[in-house]
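Peer 1: Sequence:
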Amino acid sequence: MAITFHSEIADGLLLITASGRDEDVQQVIDYGSAVIDLAVESGVTLILCDERNLEYALDTFDTFKSAQQIAEIAPKVIRVAIVCGAKFLEDGKFWETVAVNRALQVRVDTDIEQAKAWLVKPDS
Numbered sequence: 085m086a087i088t089f090h091s092e093i094a095d096g097l098l099l100i101t102a103s104g105r106d107e108d109v110q111q112v113i114d115y116g117s118a119v120i121d122l123a124v125e126s127g128v129t130l131i132l133c134d135e136r137n138l139e140y141a142l143d144t145f146d147t148f149k150s151a152q153q154i155a156e157i158a159p160k161v162i163r164v165a166i167v168c169g170a171k172f173l174e175d176g177k178f179w180e181t182v183a184v185n186r187a188l189q190v191r192v193d194t195d196i197e198q199a200k201a202w203l204v205k206p207d208s
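Going by the working numbering, the first residue of the sequence shown is number 85, and it counts up by one from there.
The reader is advised that the hints may include incorrect statements.
Derived DSS-like pairs: lysine-lysine, alpha-carbon spacing no greater than 27 Å straight-line [claimed, not checked]:
#1 K200 <-> K177
#2 K205 <-> K177
#3 K200 <-> K160
#4 K200 <-> K171
#5 K149 <-> K177
#6 K149 <-> K160
#7 K205 <-> K160
#8 K149 <-> K171
#9 K177 <-> K160
Simulated restraints on C-beta separations [what the hints assert, rightly or not]:
#10 T144 <-> T194: 29 to 39 Å
#11 S117 <-> F178: 13 to 23 Å
#12 D114 <-> F178: 15 to 25 Å
Hint data in this document are derived by calculation from the structure and do not stem from the laboratory.
From the three backbone atoms N, C-alpha and C, an ideal C-beta is built for every residue, glycine too.
Given the sequences, and given the hints that come with them, work out the whole structure.
Peer 2: In structure tokens, the structure reads:
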């Protein structure tokens, strides 16, 4: 099943709820691009992606490639917190490392409250 998501803006955050399966790298890049476009169009700089119902299926190379390309297209003012299922945390943290090394302000976590706290107060 492909990635599907819905969005809403609340309390200055773009809230994304995603589900399905990331079946190929281009699909992940398209999803990331769509989220970034929504943020830019809405004038929002804080994004919370709830991906607990999204299955990560990319291999290491494609995970690297998706993080690299999304980090390149994201405006540097955007901060993104991604919440994933516990079994995908290692893949998520690898994605985070690649993106952070390319100046994207992103954090991957399994706890939605910790992710929200990081978005509004980066030192937490």
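Peer 1: Now tell me if each hint is right for this structure.
Peer 2: We went through each hint and held it up to the structure:
1. Our distance criterion of 27 Å between C-alpha atoms is met by K200 and K177, whose separation comes to about 17 Å.
2. Of the supplied pair hints, the one linking K205 and K177 holds, its CA atoms being roughly 20 Å apart against a limit of 27 Å.
3. Taking the CA atoms of K200 and K160, the gap is about 19 Å. The hint holds against a cut of 27 Å.
4. Note on K200 and K171: the hinted pairing holds, with a Cα-Cα distance of about 20 Å set against a maximum of 27 Å.
5. This hinted pair checks out: K149 and K177 have alpha carbons roughly 14 Å apart, not beyond 27 Å.
6. Restraint check for K149 and K160: satisfied, since their Cα atoms lie roughly 19 Å apart, inside the 27 Å limit.
7. For the hint pairing K205 with K160, the CA-to-CA distance comes to about 17 Å; that is within 27 Å, so the pair holds.
8. The straight-line distance between the Cα atoms of K149 and K171 is roughly 21 Å, inside the 27 Å bound, and the hint therefore holds.
9. With a C-alpha separation of about 20 Å, the suggested pair K177 and K160 falls inside the 27 Å cut-off, and the hint holds.
10. Between T144 and T194 the CB atoms are about 20 Å apart, so this pair departs from the stated range of 29 to 39 Å.
11. With their beta carbons about 20 Å apart, S117 and F178 fall inside the hinted range of 13 to 23 Å.
12. Distance hint for D114 and F178: a CB-CB separation of about 20 Å, consistent with the stated range 15 to 25 Å.
Taken one by one, the earlier hints fail for this structure only at number 10.
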